[in-house]
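So the chains spell out like this:
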Amino acid sequence: MLLLATYASSHAALRAEKALKAAGVPVELIPVPRQVQSLCGFGLLAEVPDGVLLQESGAENLWQVREPEAGQWRRTYEPYP
Amino acid sequence: MSPTRRTLDARGLPCPQPVILARKALAEGGFDTLEITVDDAASRENLLKFGAYAKCQVEAVDEGGGVTRVRLSPQGLAPAPAKAEACPLPEGGPGGGPVEVVLLSADGIGQGDPGLARLLMRGFVYTLTEAERVPRRLLLMNSGVKLAVEGSESLANLQKLEARGVEVLACGTCLEFFGLTSCLAVGGITNMYEIAGHLMEGPTLSLG
Numbered sequence: 001m002l003l004l005a006t007y008a009s010s011h012a013a014l015r016a017e018k019a020l021k022a023a024g025v026p027v028e029l030i031p032v033p034r035q036v037q038s039l040c041g042f043g044l045l046a047e048v049p050d051g052v053l054l055q056e057s058g059a060e061n062l063w064q065v066r067e068p069e070a071g072q073w074r075r076t077y078e079p080y081p
Numbered sequence: 001m002s003p004t005r006r007t008l009d010a011r012g013l014p015c016p017q018p019v020i021l022a023r024k025a026l027a028e029g030g031f032d033t034l035e036i037t038v039d040d041a042a043s044r045e046n047l048l049k050f051g052a053y054a055k056c057q058v059e060a061v062d063e064g065g066g067v068t069r070v071r072l073s074p075q076g077l078a079p080a081p082a083k084a085e086a087c088p089l090p091e092g093g094p095g096g097g098p099v100e101v102v103l104l105s106a107d108g109i110g111q112g113d114p115g116l117a118r119l120l121m122r123g124f125v126y127t128l129t130e131a132e133r134v135p136r137r138l139l140l141m142n143s144g145v146k147l148a149v150e151g152s153e154s155l156a157n158l159q160k161l162e163a164r165g166v167e168v169l170a171c172g173t174c175l176e177f178f179g180l181t182s183c184l185a186v187g188g189i190t191n192m193y194e195i196a197g198h199l200m201e202g203p204t205l206s207l208g
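In order, the protein sequence lines correspond to chains A and B.
Residue 1 is where the first sequence starts when you use the working numbering, and the numbers rise one by one after that.
Residue 1 is where the second sequence starts when you use the working numbering, and the numbers rise one by one after that.
Please keep in mind that the hints were generated in silico from the structure rather than gathered at the bench.
You may find that some hints are simply not true.
Looking from chain B toward chain A, a few residues come up when the C-beta cut is under 8 Å (computed) [claimed, not checked]:
| id | residue |
| --- | --- |
| 1 | 20 |
| 2 | 23 |
| 3 | 24 |
| 4 | 52 |
| 5 | 117 |
| 6 | 119 |
| 7 | 122 |
| 8 | 126 |
| 9 | 127 |
| 10 | 130 |
| 11 | 132 |
Pairwise CB distance ranges, derived in the manner of DEER restraints [as the list claims (entries may be wrong)]:
| id | chain 1 | residue 1 | chain 2 | residue 2 | range |
| --- | --- | --- | --- | --- | --- |
| 12 | B | 4 | A | 36 | 40 to 48 Å |
| 13 | B | 207 | A | 73 | 37 to 45 Å |
| 14 | A | 73 | B | 33 | 38 to 46 Å |
| 15 | B | 194 | A | 79 | 45 to 53 Å |
| 16 | B | 2 | A | 36 | 51 to 59 Å |
| 17 | B | 196 | A | 47 | 39 to 47 Å |
| 18 | A | 1 | B | 201 | 39 to 47 Å |
| 19 | B | 37 | A | 71 | 36 to 44 Å |
| 20 | A | 79 | B | 203 | 50 to 58 Å |
| 21 | A | 47 | B | 192 | 18 to 26 Å |
From the three backbone atoms N, C-alpha and C, an ideal C-beta is built for every residue, glycine too.
The task is simple: from the sequences and hints, build the whole structure.
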């Protein structure tokens, strides 16, 4: 599943990105969407089987990401789990 | 078995409806060729780009009077057709209308910490992929060309923008300067004459 992890700070998000990539987990650093509450402006998108690795990376909150409907461009986010 | 054809009449439909219809029809499948009739030049161009992106054999038949039949024949397993439409922007003068050209003249946004600058640029390019309205062109100059080469964190997002119909153009002099000409992985190479021409076409946003 595609999850978004949010962090307490940009530095924490960058540290988590580095650690997860080093562990072979493909992640993408993206600006946190408006509908997602976060202190930090950046979060990590990752296609993972569950939220364990992201929680271990120091994530504050996790969100399940839904791809946009046809003709729409914005992903939507629901609290996970 | 003779080849099957599905036809769609998309005349009179505003952009991006013809491409959305084509995308839905391709997803449904059940035919060898999809033929979409349009009467709008932008829709025609977007369908041609979309067809190429969706790995279709593409053919455009001019029917006269501005009407075109676009034939898309899926070739084997097509990728899930993604975002592929960029629509013409409403009329607007410089400073007054929507942005038509985005110029990224660095691989980061703003001065100060280079790491933060690059983080902001990555975020900006990602956010563009989710924007309702995308520019016609994205011009990359100076270290901005590094966004479009192999290994760039923004590469996949620039490819998404290209699939939405944004023309991505990188400065050839800049690529050559950084020794990256052979590493360009999205868009095309352009020169100062083209860049200057595009920047004068309409409202432009410059970041870098």
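Exercise. Does residue 127 of chain B meet its interface restraint, that is, does its C-beta lie within less than 8 Å of any C-beta in chain A?
Worked result: The hint holds - residue 127 of chain B has a Cβ within 8 Å of chain A, the shortest such distance being about 6 Å.
Exercise. Does residue 52 of chain B pass the interface hint, meaning its C-beta sits closer than 8 Å to a C-beta of chain A?
Worked result: violated, 19 Å
Exercise. Cβ-Cβ distance between residue 196 of chain B and residue 47 of chain A: within 39 to 47 Å?
Worked result: holds, 42 Å
Exercise. Does residue 24 of chain B meet its interface restraint, that is, does its C-beta lie within less than 8 Å of any C-beta in chain A?
Worked result: OK, holds: residue 24 of chain B within 8 Å of chain A, min 6 Å.
Exercise. Within 38 to 46 Å or not, the Cβ separation of residue 73 of chain A and residue 33 of chain B?
Worked result: violated, 29 Å
For this session: Using 8 Å as the Cβ threshold, decide whether residue 119 of chain B counts as touching chain A.
Result: holds, 7 Å
Exercise. Regarding the hint that residue 20 of chain B lies at the interface with chain A, is the smallest CB-CB distance below 8 Å?
Worked result: holds, 5 Å
Exercise. In this structure, is the beta-carbon distance linking residue 37 of chain B and residue 71 of chain A contained in 36 to 44 Å?
Worked result: violated, 20 Å
Exercise. Do residue 194 of chain B and residue 79 of chain A keep their Cβ atoms within the hinted range of 45 to 53 Å?
Worked result: About 47 Å separates the Cβ atoms of residue 194 of chain B and residue 79 of chain A, which means 45 to 53 Å holds.
Exercise. Was the hint right that residue 130 of chain B lines chain A, CB cutoff 8 Å?
Worked result: Holds, about 5 Å.
Exercise. Does 39 to 47 Å hold as the CB distance between residue 1 of chain A and residue 201 of chain B, or does it fail?
Worked result: holds, 43 Å
For this session: May I ask you to test the hint 40 to 48 Å on the CB atoms belonging to residue 4 of chain B and residue 36 of chain A?
Result: Hint holds: Cβ distance 45 Å, inside 40 to 48 Å.
Figure legend: structure checked against the earlier numbered hints; hints not met, in rising order: 4, 5, 13, 14, 19, 20 and 21.
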